[in-house]
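Student: Residues in the sequence shown are numbered from 1 upward in steps of one, following UniProt numbering.
Treat the hints with care, as some may be off.
[What the hints assert, rightly or not] In the DSS-like style, the derived pairs of lysine-lysine whose C-alpha atoms are separated by at most 27 angstroms in a straight line are:
{"id": "1", "residue 1": "LYS72", "residue 2": "LYS176"}
{"id": "2", "residue 1": "LYS179", "residue 2": "LYS14"}
{"id": "3", "residue 1": "LYS106", "residue 2": "LYS14"}
{"id": "4", "residue 1": "LYS79", "residue 2": "LYS106"}
{"id": "5", "residue 1": "LYS28", "residue 2": "LYS80"}
{"id": "6", "residue 1": "LYS106", "residue 2": "LYS72"}
{"id": "7", "residue 1": "LYS27", "residue 2": "LYS14"}
{"id": "8", "residue 1": "LYS14", "residue 2": "LYS175"}
{"id": "9", "residue 1": "LYS176", "residue 2": "LYS80"}
{"id": "10", "residue 1": "LYS27", "residue 2": "LYS79"}
{"id": "11", "residue 1": "LYS176", "residue 2": "LYS28"}
Note that these hints are calculated values from the structure, not bench results.
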Amino acid sequence: DISFENVSFYREAKCIYNDISFQIPSKKITTILGPSGAGKTTILQLIAGLIKPTTGQICVDEHRVRPNSSEKSLEEMRKKLGFLFQSGALFNQMSVYDNIAFPIRKNTLLDENIIHTIVLLKLEAVGLAYTIDMMPSELSGGMARRVALARSIALDPDIMMYDEPFTGQDPTSFKKLLKLISTLNYTLGITSILVSHNIEESLSLSDHIIIVGDKSLI
Numbered sequence: 001d002i003s004f005e006n007v008s009f010y011r012e013a014k015c016i017y018n019d020i021s022f023q024i025p026s027k028k029i030t031t032i033l034g035p036s037g038a039g040k041t042t043i044l045q046l047i048a049g050l051i052k053p054t055t056g057q058i059c060v061d062e063h064r065v066r067p068n069s070s071e072k073s074l075e076e077m078r079k080k081l082g083f084l085f086q087s088g089a090l091f092n093q094m095s096v097y098d099n100i101a102f103p104i105r106k107n108t109l110l111d112e113n114i115i116h117t118i119v120l121l122k123l124e125a126v127g128l129a130y131t132i133d134m135m136p137s138e139l140s141g142g143m144a145r146r147v148a149l150a151r152s153i154a155l156d157p158d159i160m161m162y163d164e165p166f167t168g169q170d171p172t173s174f175k176k177l178l179k180l181i182s183t184l185n186y187t188l189g190i191t192s193i194l195v196s197h198n199i200e201e202s203l204s205l206s207d208h209i210i211i212v213g214d215k216s217l218i
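Let's have the full structure, built from the sequences with the hints guiding it.
Tutor: Here it is in structure tokens:
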């Protein structure tokens with residue numbers, strides 16, 4: 001499980017969160033829901049240790065994110081995490097294959113033949129195996145988001161975090177991505193955390209919803 005224990009976070013002397021405590025259940029889909037600018041993405045950044053709490057701690061399984069956590073310990077924890085950011089940006093100069101292979105090459109010593117097999121499996125998981133030799137410029141916006149998702153799961157994360165994954169998606173791409181996130185969560189047995197401002201998509205997808213208010217949770 002992931003838990004926040006009496007967490008406060010200040011940015012440049014401004015209080016973003018004050019003494020919040022909550023749990024995110026494992027192997028479920030949790031949506032963090034709230035208006036733009038409410039600090040929803042900050043929760044993802046705290047879970048990932050990209051920023052540290054001012055007080056309190058975040059427990060991510062056996063790992064702890066504290067005000068004094070070392071970068072080395074946070075890097076170890078991040079190996080368990082996958083991210084799909086709002087932009088879902090791919091490396092434009094790399095093929096689809098090399099985009100997905102990038103984190104595998106960076107974090108493992110696997111043989112290229114094995115990497116090729118992994119890349120193909122991840123593309124099959126998002127329904128885009130035929131794009132393996134394409135360049136990002138040849139993909140539609142919806143396809144690019146799904147390739148970015150394939151890259152996010154390349155290292156088999158235990159936890160997937162999605163920051164407004166449906167932003168800018170047309171209705172068809174939205175439905176495909178919605179179904180895909182749900183399917184991946186249950187077939188891979190992972191914990192999924194989404195940030196959203198859309199009540200409809202949150203209710204249709206989530207097992208658990210956290211509503212963000214002013215410096216606190218509702």
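Student: Does each hint fit the structure? Answer for all of them.
Tutor: Results of checking the hints against the structure:
{"no.": "1", "hint": "LYS72 with LYS176", "result": "37 angstroms, violated"}
{"no.": "2", "hint": "LYS179 with LYS14", "result": "38 angstroms, violated"}
{"no.": "3", "hint": "LYS106 with LYS14", "result": "37 angstroms, violated"}
{"no.": "4", "hint": "LYS79 with LYS106", "result": "11 angstroms, holds"}
{"no.": "5", "hint": "LYS28 with LYS80", "result": "16 angstroms, holds"}
{"no.": "6", "hint": "LYS106 with LYS72", "result": "16 angstroms, holds"}
{"no.": "7", "hint": "LYS27 with LYS14", "result": "34 angstroms, violated"}
{"no.": "8", "hint": "LYS14 with LYS175", "result": "38 angstroms, violated"}
{"no.": "9", "hint": "LYS176 with LYS80", "result": "25 angstroms, holds"}
{"no.": "10", "hint": "LYS27 with LYS79", "result": "17 angstroms, holds"}
{"no.": "11", "hint": "LYS176 with LYS28", "result": "19 angstroms, holds"}
Checked against the numbered hints listed earlier, the structure breaks hints 1, 2, 3, 7, 8; every other hint is satisfied.
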